[in-house]
Amino acid sequence: MKNRLKVLRAERDWSQADLAEKLQVSRQTINALETGKYDPSLPLAFKIARLFGQSIETIFQDEA
Amino acid sequence: MEDTKPVWPKWALFFVGVLALVAVGYGMGFVPLFRGPLGYVALFVWFMVFLAYTYFGSARLKADRLGPIMKRYRRRLAIAMISYCVVLLGSLGLLRGSRLSGVLLWIVAAAPAIPILGVLVVMGLYLKEEPDEFERAVHVESMLWGLGAVLAVTTVWGFLSNASVIPQPPLFLVFPLFCLSWGVSQPLIRRRYQ
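Quick mapping for you: the protein sequence lines, in order, are chains A and S. With the numbering used here as the guide, the letters of the first sequence map in order to residues 1 to 64. With the numbering used here as the guide, the letters of the second sequence map in order to residues 1001 to 1194.
Only chain S is shown next, with the shape it has when bound in the complex (with noise of 0.2 Å):
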């Protein structure tokens, strides 16, 4: 058959490789070395892997050839993410090395979620632009994965913060897993339609 190779050994190496490279980057938080500037340059150099690994380790796991849509929507998300990259660094440094305050401390800890909010555009879009139905199914289920997810870590998490049991949960994290269990959904759904 043409068309029944399994792909989930392909997709849990790349899992795998993602999860490392996760941990090598919150293993440089211990390093004391990359405290200083350095570690700006670490984060960033290790986020520049980081992207291209799954950039260009995702599009291998296709089995066909990307299209033009995708390409470009690929192209928009990593560009938002290489600026979520510069503008987070950015803010991080000017939120620890300078004492600001009022409209301006507003923008520069407000700033890393804008490009985030870019990339909720570039999903958007995508949706809007992508041609082939079946593709775009697949997308808006693994997105409601990825919102699920949210909602029931959140809740739980939410409940267990309120009796004091464990801290506040991290907000800004939401994102990640949303975009965590958006990515891993993807290949389980496809396994469906096999």
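Chain A with its partners taken away, still in its complex shape (with noise of 0.2 Å):
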């Protein structure tokens, strides 16, 4: 799925260690997460929305 995490991340100049830590995940996830070949779960997305402050739609496109 297509997201918008690379970019959202570089606006709060924050490395992927930095996310990763945030999110407390590994980096590794952050980079799967990315590259859009990991979608997460539910929890983990609202996570990531309420860490931006975003809604999970505007991070998460769905290409359907």
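It cannot be assumed that every hint is accurate.
Unchecked claim - Facing chain A, according to a computed beta carbon distance under 8 Å, are these residues of chain S, among others: (1) E1133; (2) F1134; (3) Y1193.
No lab work stands behind these hints: they were computed from the structure. Note that the structure is predicted; figures quoted are calculated from it, not measured. All residues carry an ideal CB built from backbone N, CA and C; glycine is no exception.
Quick one: dock chain against chain with the hints and give me the complex.
Structure follows, in structure tokens:
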């Protein structure tokens, strides 16, 4: 699934490691999320949305 | 890029080391010097070296620092494997040295399986405790690869031995086979998400 994680992270000048720490996941998880190769569960998606102060739909784009 | 460093050469090197150590252990069986009581000491030392190599080697393969859950899992795994080595050597010694019978024979013969069952519990606890869903997914998938490898090999072997083409499969090697394919599949699965 496409997402704006990388852009949002860059806007805040956070490294992958920074974001990983904030979400309490590994850096590899962040990488897998950013490349769109791994889709997060709803709880993690909400956590991400809350962290960036945006709705899930504005961060993740459903291609369907 | 901060995160697309290829890690597979490191993994390949690590597995070459593992295979070399296994070969050394296997080769020890052919050295007459190690057939007596010295063999037990040699086997114990070899196992500890093997364990230390895989324990510290696998930690270095990780690009990230190990989280507290991973650390706890690895500590539990190490304890289970060290007890496996001790119980296995003790059991082998008792089985060879004395004429056991009845319940005692059953207990001594099955004892090495207990720490291995412990490893299963440790794996289950890790999946339950790991808060990172992606890590959990990678582990579950690699376990499925391990399961697939075990089922494939034992099914083919089983039919071949049914027809007396090859001997009966050594069932105690099923678990090491699971662990091997579980370990090998992990970097391959992770590569897909890079």
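Output the indices of the hints that this structure fails to meet, ascending.
Structure breaks no hint.
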